[in-house]
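When we follow our numbering, the leftmost residue of the sequence shown carries the number 1, and every step to the right adds one.
FYI, nobody ran anything at the bench for these hints, they're computed from the structure. The reader is advised that the hints may include incorrect statements.
As the list claims (entries may be wrong) - Capping the alpha-carbon separation at 25 angstroms, the derived lysine-lysine pairs in BS3-like fashion look like this:
#, residue 1, residue 2
1, Lys55, Lys81
2, Lys81, Lys69
3, Lys119, Lys103
4, Lys383, Lys81
Stated by the list, open to error - FRET-style restraints, in silico, Cβ to Cβ:
#, residue 1, residue 2, range
5, Tyr219, Val120, 43 to 49 angstroms
6, Asp380, Gly243, 42 to 48 angstroms
7, Glu238, Asp380, 44 to 50 angstroms
Don't be surprised by glycine CBs; every beta carbon is placed ideally from N, CA and C.
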Amino acid sequence: MVCGLSLKTKLSLVAALLMIFLSVLVTFYGDIMYCMDRLKVRRMIRQVSDMSVFKIRGIYAFPGRWPYKDEMIKLLDNMAKSGFNVILWYANEDGQRAYYKSKFYPYAPSAPRDVDPLKVLIEEAHRRGIKVWIWFSFMGYRDLVLRHPKWAAVYPNGTSVIDKPYRPWGADWYPLNPAHPEVQEFWEQAILELVENYDIDGINFQDDFGYIDSISYDYINKAMFEKLFGIGIMRWPEDVLPGGPLHKSWVEYKCRVITSFVKRLYRRVKSVKPNIVISLAVSSNLQWFRERGVDWVMLAREQCVDALTFMLYSDNTDWVVNETLRVMNIIKEVNPNVRVIPILGYELRDDPPSKWIEQAVALRKAGVEDIIVFWARGIDSIKGCWEAFGELFSSMRRSAQS
Numbered sequence: 001m002v003c004g005l006s007l008k009t010k011l012s013l014v015a016a017l018l019m020i021f022l023s024v025l026v027t028f029y030g031d032i033m034y035c036m037d038r039l040k041v042r043r044m045i046r047q048v049s050d051m052s053v054f055k056i057r058g059i060y061a062f063p064g065r066w067p068y069k070d071e072m073i074k075l076l077d078n079m080a081k082s083g084f085n086v087i088l089w090y091a092n093e094d095g096q097r098a099y100y101k102s103k104f105y106p107y108a109p110s111a112p113r114d115v116d117p118l119k120v121l122i123e124e125a126h127r128r129g130i131k132v133w134i135w136f137s138f139m140g141y142r143d144l145v146l147r148h149p150k151w152a153a154v155y156p157n158g159t160s161v162i163d164k165p166y167r168p169w170g171a172d173w174y175p176l177n178p179a180h181p182e183v184q185e186f187w188e189q190a191i192l193e194l195v196e197n198y199d200i201d202g203i204n205f206q207d208d209f210g211y212i213d214s215i216s217y218d219y220i221n222k223a224m225f226e227k228l229f230g231i232g233i234m235r236w237p238e239d240v241l242p243g244g245p246l247h248k249s250w251v252e253y254k255c256r257v258i259t260s261f262v263k264r265l266y267r268r269v270k271s272v273k274p275n276i277v278i279s280l281a282v283s284s285n286l287q288w289f290r291e292r293g294v295d296w297v298m299l300a301r302e303q304c305v306d307a308l309t310f311m312l313y314s315d316n317t318d319w320v321v322n323e324t325l326r327v328m329n330i331i332k333e334v335n336p337n338v339r340v341i342p343i344l345g346y347e348l349r350d351d352p353p354s355k356w357i358e359q360a361v362a363l364r365k366a367g368v369e370d371i372i373v374f375w376a377r378g379i380d381s382i383k384g385c386w387e388a389f390g391e392l393f394s395s396m397r398r399s400a401q402s
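Given these sequences and hints, build the entire structure.
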């Protein structure tokens, strides 16, 4: 019957059938790709099915995204079902607001008025076998620096962040001067408030101590620098800026200030709660971080932390693994008691679950025993990502128990 049709009709029929096929393909393309990705995930999981599960399986979470109990419960249920055992919860998001009842930070407008969200989180997390690490920012907020203008960090030209807020992501931030004794006391008391009033299991310090992007060129830092090295700065701050004759010493000074302070925090917190885990989020680029006053080699050597969490955000799995092994070898040489925990994610936010699992599997095959994922919202937005991690961890758990 088709044979009797004209060529034009046949071509029209073929075109129509092709359009139907393409329409069906487009309709089910997402499902097809999802199924293919699931098969890829399962093949990768088999590579580590005879290995023990990661000891720490953490995930970062922004409380601003989970302000109410039902959303918080949903997050914790997803974590428990997938096998994550540590939540790193941003308790004082960007140093601007507290998602707990605090004397030191303003209460978040989006947080519930009738309950303390941190207490609810801890109760619900512990009920599910999930430990709670507080993710803590050292950034200040506007009302704080207005009340204490001498606490505010200063740019090289003498301008205070009060007059020119630091704007890394478009929002106004107010770095504090980490060398100011009253600032250090403020931070210490704010952290002790959390340690003493809440049943937390750990603290993960953010890296925003104040020595960031050419900030904290004030006369307190100048005087302390001159005292430490026994020299006078002839041209301030030009001599200590990048390219100046004293810049290398200035970087060393900043690292000593932060290391001394973190060491003080470590001892103070441990005196209150000896078993709490104290960690710091860092970059694997040591030189860049030293410019910010954070020398993770020095911090590890002086036992200022129990763990260093390395932000290794890349879609290049080989780089993630190689960087992890490199920093692990460095830390092992200076202090084998400090854990190295890679943080993967963020740059994978547009990738399918298989890419996340690829990096986790590669890290475990390389001998890495702990892992943290950044972040809950990212996993939540990728279809099947929670389930993929659940398959990975449960497969390894069964193997470890058998």
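Does the alpha-carbon distance linking lysine 383 and lysine 81 stay inside the 25 angstroms limit? holds, 15 angstroms
Is the Cα-Cα distance between lysine 55 and lysine 81 25 angstroms or less? Measuring from Cα to Cα gives roughly 16 angstroms; hence the hint holds.
Does lysine 69 sit within 25 angstroms of lysine 81, going by the straight-line distance between their CA atoms? Cα-Cα ~18 angstroms, so holds.
Given a hint of 44 to 50 angstroms, does the C-beta separation of glutamate 238 and aspartate 380 actually sit inside it? holds, 49 angstroms
Do the beta carbons of aspartate 380 and glycine 243 sit within 42 to 48 angstroms of each other? holds, 45 angstroms
Taking the CB of tyrosine 219 and the CB of valine 120, does the distance hold inside 43 to 49 angstroms? holds, 45 angstroms
Taking only the CA atoms, is the gap from lysine 119 to lysine 103 under or equal to 25 angstroms? Holds, at about 16 angstroms.
Violation of the numbered hints given earlier is absent; every hint is satisfied by the structure.
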